[in-house]
Structures are given as structure tokens and as C-alpha cells.
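Construct the complete structure from the given sequences, taking the supplied hints into account.
Chain residues, written in single-letter form:
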Amino acid sequence: MIRKEKIEYRQFAILVLLYTVGTSVIIAPSMLASYAGQDGWISALLGLGIGLLVVWCYASIGKFFMGRSLIEAINESFGNYLGFVIALIFTFFSLTLSSLVLSNIGNFVNTRMLVGTPLDAAEYIFVIVVIIGVRLGIETLARSTETLTPLFTFLFIVFIFAVLPQMHPNNIRPILEHDIHDIFKSSYGFISFPFGELVLFLMLTPFVSKNKKITKGYVLGAFIGGVIVMIITVLSILSLGGYGTAINTYPAFTIAKKIDVGGVIQRVEVIMAGIWTFSIFTKLSVCVYVTALSIKQLFRLRDLNCLTIPIAISLIPLSQWGTPNAADFQTYTAMWMMYFTYIIMIIPFLTTGVLYLKKKWGKKQESKA
Amino acid sequence: MWQSILISVVAVVVALFEIPRLKKLKYTKEIWFFSFFLLLATVANILKFLYF
Amino acid sequence: MSKRKLLLVVFLSMVLLLSGCWSRRELNEIALVIGLGVDKIDNEYVISTQIVDPSEIASKGGGGGRAPVVTYKTKSNTLMGAIRQLTASTPRKLYLAHLRMLVLGESIVREGVAPALDVISRDHELRSDFFIIMTKGNKAQDVLTMVTPLEKVPSAYMFNMLRHSEKYWAPFSTLKIDQLDNEISGDGKEPVITAVEIRGSLKEGEQKKNVENISIKNYLQYTSVGVLRQDKLVGYLNETEASGYKYLIGKIKSTVIEMPCNKDHKDVTELIHTNSIIKANMRNHKPSIDVQINSEANVAELECQSNLLNLNVIHALEKKTEKEIKNQITMVLQKTQKEYQSDIFGFGDQIHQTYPKDWSKLKKNWNKTFSTLSVKVNVKVKIRNFGKVNKSTPSMK
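Chains as they are written, first to last, in the numbering used here: chain G, 1 to 369; chain L, 370 to 421; chain Y, 422 to 818.
Note that these hints are calculated values from the structure, not bench results. Fair warning: this is a prediction, and the values are worked out from it, not measured in the lab. Do not take every clue at face value.
[What the hints assert, rightly or not] Just so you have them, the derived chain G footprint on chain L, three or more residues with Cβ under 8 Å: (1) 391–397; (2) 405–416.
[Stated by the list, open to error] DEER-style ranges, computed between Cβ atoms: (3) G/Leu-136 x L/Trp-401: 44 to 54 Å; (4) G/Val-227 x Y/Lys-740: 51 to 61 Å; (5) L/Tyr-420 x G/Phe-299: 28 to 38 Å; (6) G/Ile-128 x Y/Glu-465: 43 to 53 Å.
From the three backbone atoms N, C-alpha and C, an ideal C-beta is built for every residue, glycine too.
Given below as C-alpha cells:
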């Protein structure tokens with residue numbers, strides 16, 4: 001199959017990186033500290049290790065599909081009927097994820113930055129930008145994120161150095177106070193979010209120009225993204241303490257608010273929030289793109305752009321119904337989304353298994369015949 | 370109330386842009402899917418504005 | 422076609438930019454709250470808000486003769502209620518992001534300050550860069566109505582006063598909201614709050630006349646430090662004890678130490694660097710604390726006759742300084758352990774960090790254990806320099 005759009009593996013890695021950083025940078029520290037307290041960074045380390053393993057598996061699977069996307073592979077391995085159902089579940093997952101990402105950024109902007117602005121206004125504007133991005137195609141999206149990456153890196157490094165004076169090394173002690181059970185409890189969430197959610201990129205692997213480079217791009221992006229989230233977690237634990245990190249809804253924003261370098265550089269939290277808004281924009285764009293692509297391949301349509309506007313518009317009511325309030329988002333939604341992600345994470349492995357067996361079986365049949 | 374009228378107008382405008390484009394390409398199946406999804410999205414938005 | 426696209430881009434960028442102005446408030450529509458006082462009188466919160474009058478502050482030609490700040494008082498059952506109630510008596514909406522001082526009245530600190538702090542750490546408009554102090558003897562509302570010299574805005578006056586006294590004078594320290602929150606919610610360290618007092622009379626201090634004289638009779642002064650247990654006031658430390666506290670936790674930036682050299686004269690050394698290392702030990706499940714304080718000092722003032730080129734004199738001065746510091750620390754330890762039973766030094770945190778297993782048992786009854794805790798203090802002072810002259814001025818003979 002010949003496709004018009006192509007992305008370099010470097011652009012693919014940047015997409016994966018920003019997607020990983022995406023929403024997790026603002027809420028993962030709090031999630032990690034909720035069970036493990038000041039040991040949250042150990043959970044992050046554990047989660048990063050296992051998450052990278054998962055991502056490496058995804059990359060190998062993506063390579064194994066040989067230019068087919070996940071839904072095409074599902075169709076091939078499970079046949080028309082069962083395949084349709086599984087692909088539909090995957091599409092639904094992608095849609096749910098998009099709406100959660102939107103509600104995340106909406107709530108964040110609405111509670112911390114533009115407090116008087118109605119939630120609707122913030123979300124509609126965000127969605128308009130995403131529609132423009134997605135309609136221009138994955139190639140344009142990848143290139144635009146690539147051009148903004150130096151800015152992202154620069155601001156992130158500035159952020160780290162600006163926060164340094166706020167840190168108290170004692171906050172991280174005692175190390176390993178919580179037992180291993182609590183630490184694992186925190187890292188379960190971290191494996192599914194953000195690493196498990198990277199399953200969406202299996203829809204985008206066919207666009208990568210060189211099939212061999214998929215593993216490199218996938219794993220490198222996830223690794224750097226994971227390390228960024230971990231650094232933010234360590235910074236919030238060091239400057240707010242384990243308890244402070246757990247009770248703050250958006251710890252990263254809270255420490256950005258505390259930045260005060262010699263009384264000159266202060267009140268810069270909105271600039272810092274800008275880099276997160278940018279990464280969340282990338283995540284939402286990828287989610288919407290993948291949803292549209294899934295629907296397109298699911299129903300064997302020929303045009304992708306006609307689907308983006310309906311999907312993007314429907315995200316707003318979905319996001320507000322899915323998470324009616326902040327408490328709901330942190331407890332109930334986070335929980336079922338985690339289980340949902342774990343279920344979806346199995347799909348590529350199953351598909352690969354069936355494909356592999358079919359291949360072998362087919363060869364046997366051939367050799368017999 | 371006025372928001373739901375606004376969103377309906379937006380949906381109609383989008384349809385007026387999209388459908389001729391798809392018609393030119395003779396994508397009949399896509400027109401049906403597009404209309405269906407757009408209707409769904411618009412109804413969801415209207416419901417949100419009216420009841421939630 | 423390209424023109425249409427351009428138009429679309431312009432419209433969309435307008436949408437993006439204008440949405441930021443959704444709840445914009447112009448400077449002449451908001452009231453900048455610079456000081457906030459909280460009292461509890463008859464089970465009701467009394468909020469006093471000090472608001473800046475920008476036209477009076479900015480004007481170079483003396484302004485229109487109005488006071489540069491206005492302090493409003495409102496009564497309500499809740500803090501937020503009181504703050505919102507103010508819109509009924511001010512022409513502008515309060516804007517809290519530029520708050521400098523939060524003054525807690527003694528009454529509310531006695532009853533428990535945690536309920537009042539919630540709104541301050543929850544509200545989005547408040548930042549965490551303001552200082553928290555309490556009043557001793559007076560009400561917060563009175564402190565916020567004093568007219569102050571040198572600084573037109575009393576809250577800025579108190580803010581800078583605290584900042585400088587933390588730097589150059591031992592007893593007092595700044596306190597921010599997240600630190601207070603952490604210390605109240607944690608169980609290994611109890612908070613202390615610097616307390617301010619009105620010197621002179623409030624009635625005269627409220628008048629503008631107060632700053633028209635050269636000698637100021639009625640003024641604000643930091644005099645002591647309030648010791649809290651959980652979120653309730655249990656007592657005060659005087660200046661000497663408070664400096665002992667600061668030596669122990671190693672937060673001294675620079676200060677001076679006076680010690681008698683003969684009957685009616687004193688020598689003074691100036692500390693320039695101080696740090697303290699607090700170590701927790703556990704023997705047979707019984708905790709103990711070792712504190713090592715290292716300090717560098719300069720000779721600042723010699724009232725008795727002595728020749729500083731004589732090494733013995735320097736050694737003697739070092740020893741005397743050490744003794745004085747140790748003395749102050751013993752005083753504060755005595756008072757907090759025996760009288761207040763409140764672990765303001767964070768010994769509990771130290772034990773928590775080194776012996777997390779034992780701490781889980783100790784923390785339930787920590788205040789009791791703390792009162793009998795054995796604390797060994799070791800002070801080491803090194804004198805580096807003696808200023809411009811190496812002998813005391815001989816004019817006294």
C-alpha cells in the first residue's frame with residue numbers, strides 16, 4: 001500500500017516524547033505520590049522500567065506488522081466480525097482518551113490560569129486549534145512539533161534550574177519508608193499512563209519512512225518523555241515534600257509558581273504552563289488523528305479529513321460527561337481508565353500472536369500441499 | 370439556549386463546506402458517515418447545553 | 422482564496438487572543454490587597470484588609486492628602502464570606518495576588534489556626550510568597566491600622582522589617598504558607614510564628630500625626646516568637662530563647678552576640694556563618710539527639726581592654742561566644758521541653774528520616790517523648806577577623 005504522508009523516525013520520536021510528557025507532566029507526580037509519598041520517585045523508576053519494556057514490545061510489534069496499522073492487522077488476524085468488534089473497542093478507547101485529555105487541559109486551564117473563563121470557551125478554542133492541526137495531516141503535525149522542540153527543551157531546562165533553589169534535600173528522606181506494596185500500587189498507574197497509552201502510536205507506525213527505525217524512535221521518545229516526567233516528580237517531591245505533592249492537584253504548576261530567582265525572575269508560571277499546554281496539544285492532536293484514522297480504516301472510508309470536525313466537536317460534551325467534577329477525575333475516572341488501558345494494552349499482543357500462528361500454520365499448509 | 374443554536378449553525382456551515390467537496394470526489398459512502406457523525410456530535414452538544 | 426484564508430487566520434487569532442481577556446480586570450477596577458489580618462472575636466472571624474490606594478502611592482507631588490492605604494474590617498462566619506462581603510463596602514473588587522503580609526491575631530492562633538489557613542492555600546488568586554506573622558497582645562486589625570514611617574504602606578513596612586531582621590538579627594524568621602501547612606500537618610516539627618507588638622498607644626499610632634514627629638512614639642516591633650502545638654498557640658519565646666532556637670536549627674544568617682567581660686562592660690562578636698547538624702540516635706529504642714553547631718565570627722566591639730594580637734584573647738573570646746550560644750540553646754530547650762512540650766526543632770523529622778521503623782511507634786506519643794528527650798549540644802566558634810584595629814580604643818583610661 002502506498003501512502004502519501006511520511007514522517008522521519010526523529011519526528012516520530014518527538015511525537016512520542018511530547019505525547020508521553022503530555023498530560024502526565026501535570027498530574028503524574030500527584031498520582032505517584034498518592035500511595036508512595038516521598039518514595040514516589042521509586043515508583044516512577046519502576047514504572048519507567050516496565051513501561052519501556054512495554055514500549056519496546058509495541059515497537060517490535062509495529063515492525064512485525066510490516067507497514068500495516070493496528071486495525072488493519074486486527075482485521076487480518078481476527079477476520080471480519082471479531083476483528084470489527086475488537087477494532088471498535090480500540091476506536092472507543094482512543095475516543096475516550098481524547099475526551100479525557102481534553103477535560104484534563106480544560107480543568108487545568110480553568111482552575112489555575114483562566115479562572116473566570118467558562119470551561120466551554122477554553123475547551124472549544126483548544127479544539128479549534130486541534131482541528132486545524134489534524135486536518136493538515138500527520139506530516140505537518142510532526143514537522144511543527146519538531147520546530148517547537150528546541151523551545152520546549154530550553155524552557156524545560158530553565159524550569160529545572162529555576163526550581164533548584166526551592167528544593168530541600170531532606171524531603172526525600174527516609175528512602176523506602178513505604179513498603180513495596182504501596183510503591184507498586186503507585187507504579188501500576190504510571191505504567192498505564194502514559195506508557196500504556198502509547199499503544200495509539202501503533203496506528204502511526206506505517207507512516208514512519210524506514211521500518212527499521214521504528215524501535216529506535218519509539219523507545220527513545222518514550223524514554224526521554226518518561227525521564228522528563230520523573231524529573232518533574234523528583235522536583236515536586238523535593239520542593240513540596242511527599243505529602244505536599246500528593247495533596248496538590250497540579251504539583252508541577254505549584255512549584256512553577258514558587259519560582260523566584262533573586263527576586264527578578266518570578267511569576268513565570270504561565271510561561272512554564274505554556275510548554276505543558278504545547279505538549280498536551282500534541283497529545284490531543286495525536287489522539288484525535290488516531291481516532292479519525294481508526295474510524296476511517298474500520299469502515300474502509302477513503303477520506304480522513306471529513307471525520308475530524310465531528311469527532312473533535314463531540315469531545316467537548318464527552319469530556320464533561322466523563323468527568324463531571326475534579327474529585328471524580330482523580331478517583332473514579334483515573335481508576336477505570338487504568339483498567340481500560342490495561343485491557344487495550346493486551347490487544348496488540350493478541351493480534352501479533354494470532355498473526356504469527358496464522359503465518360506458521362499457513363506455511364505448514366503450503367509445505368503439506 | 371443560544372449556544373445550542375450557535376452550534377447548530379456551525380454544524381450546518383461545516384456541512385456546507387464538506388459535502389460539496391466530498392461530492393466532487395464522488396465519495397458517497399463518506400458523505401453518509403460524515404453526516405451521521407456530525408449529527409451525533411451536534412446532538413450531543415445541544416444536549417450538553419440544554420440539560421447538563 | 423488566499424485572501425479568504427488570511428481573513429480566517431486573522432479571525433481565529435483574534436479568538437485565541439481575546440479569550441484571554443475574558444475576566445480581565447483593569448487596575449482601576451481592582452483593589453490591591455497588600456495586608457490581610459484575621460481575628461476571631463465572639464466566634465466570628467474579623468477580617469481586616471489593607472488596600473493600597475495607587476493614586477496616593479504613585480503621586481510625586483504629595484497626593485491629595487488621603488491615606489496611602491485603607492484598612493477595611495468585616496465580620497463573618499467564614500473567611501471567604503468576609504472577603505466577598507467587602508464588595509458591599511468598597512468600590513472595587515479585592516485582588517489578592519499581591520498580598521505581602523498575613524497577620525494572624527493572637528485570639529485565632531490560640532483557638533487553632535488551621536481552619537483559617539485552608540482558604541489561603543486553596544484560593545487560586547493567592548500566591549505563596551507572602552509572610553505570615555502573628556500579633557502578641559493586640560488584635561490583627563489594630564496592627565494593620567498603624568501609620569508607619571519611611572514606608573507608606575504598613576504591610577510593606579512589616580514585610581521589609583521582617584526580611585532584614587531575619588538577615589541581620591538572630592531571633593526572628595520569615596514564614597511562608599506552604600511551610601506552615603507542612604508543619605501543621607506533619608507530626609515531626611511544630612511551627613513557630615514571629616509575633617509583632619504595638620509599642621506606644623494604638624490611638625495615637627492610628628493618626629497621621631504619628632509620623633510627623635522626628636522621634637516616633639508609637640510603632641510596630643517584632644518582640645517574640647509564638648510556639649504552636651499542632652495549630653494552637655502554647656506560649657511565647659523571648660528574644661534570647663528565640664535566638665537559641667535559630668542557632669539550633671541552623672537558620673542564622675548573621676547576628677551579634679554580647680557577653681560580659683567585666684562588671685559593667687561587654688564584648689560583642691558578630692557571627693557571619695553558622696550551620697548546625699542535627700543527628701538522631703537510637704539506643705535500645707530510646708531516641709536521643711546530637712547537635713553540632715559550627716560558626717564563624719568576627720570581633721565586632723570590645724568594651725574592655727584587650728590586645729587581640731594575643732592568641733589567648735582570641736581563644737577566650739571564642740570560648741565565651743560558644744558558652745553564650747550554648748546558654749541560649751539550653752534556655753530554649755528547657756522552655757520547650759518542660760513548659761510547652763512542643764517539638765519546634767524538627768527532632769521528630771530527623772528521627773523519622775533516619776529511623777522510619779521506630780518513628781512509626783514514637784510518633785503517637787511524640788510530645789511526651791520529646792519532653793524527656795536527651796539533647797547534646799556541641800558548639801564550635803572560630804574567630805576569623807577583628808575589623809580595622811587590633812586593640813581596643815584606649816580612650817577609656
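Against the structure, the hints:
1. 391–397: holds (count 3)
2. 405–416: Check passed, 8 qualifying residues.
3. G/Leu-136 x L/Trp-401: 44 to 54 Å: 25 Å, violated
4. G/Val-227 x Y/Lys-740: 51 to 61 Å: The hinted range 51 to 61 Å holds for G/Val-227 and Y/Lys-740, with Cβ atoms some 53 Å apart.
5. L/Tyr-420 x G/Phe-299: 28 to 38 Å: 30 Å, holds
6. G/Ile-128 x Y/Glu-465: 43 to 53 Å: 49 Å, holds
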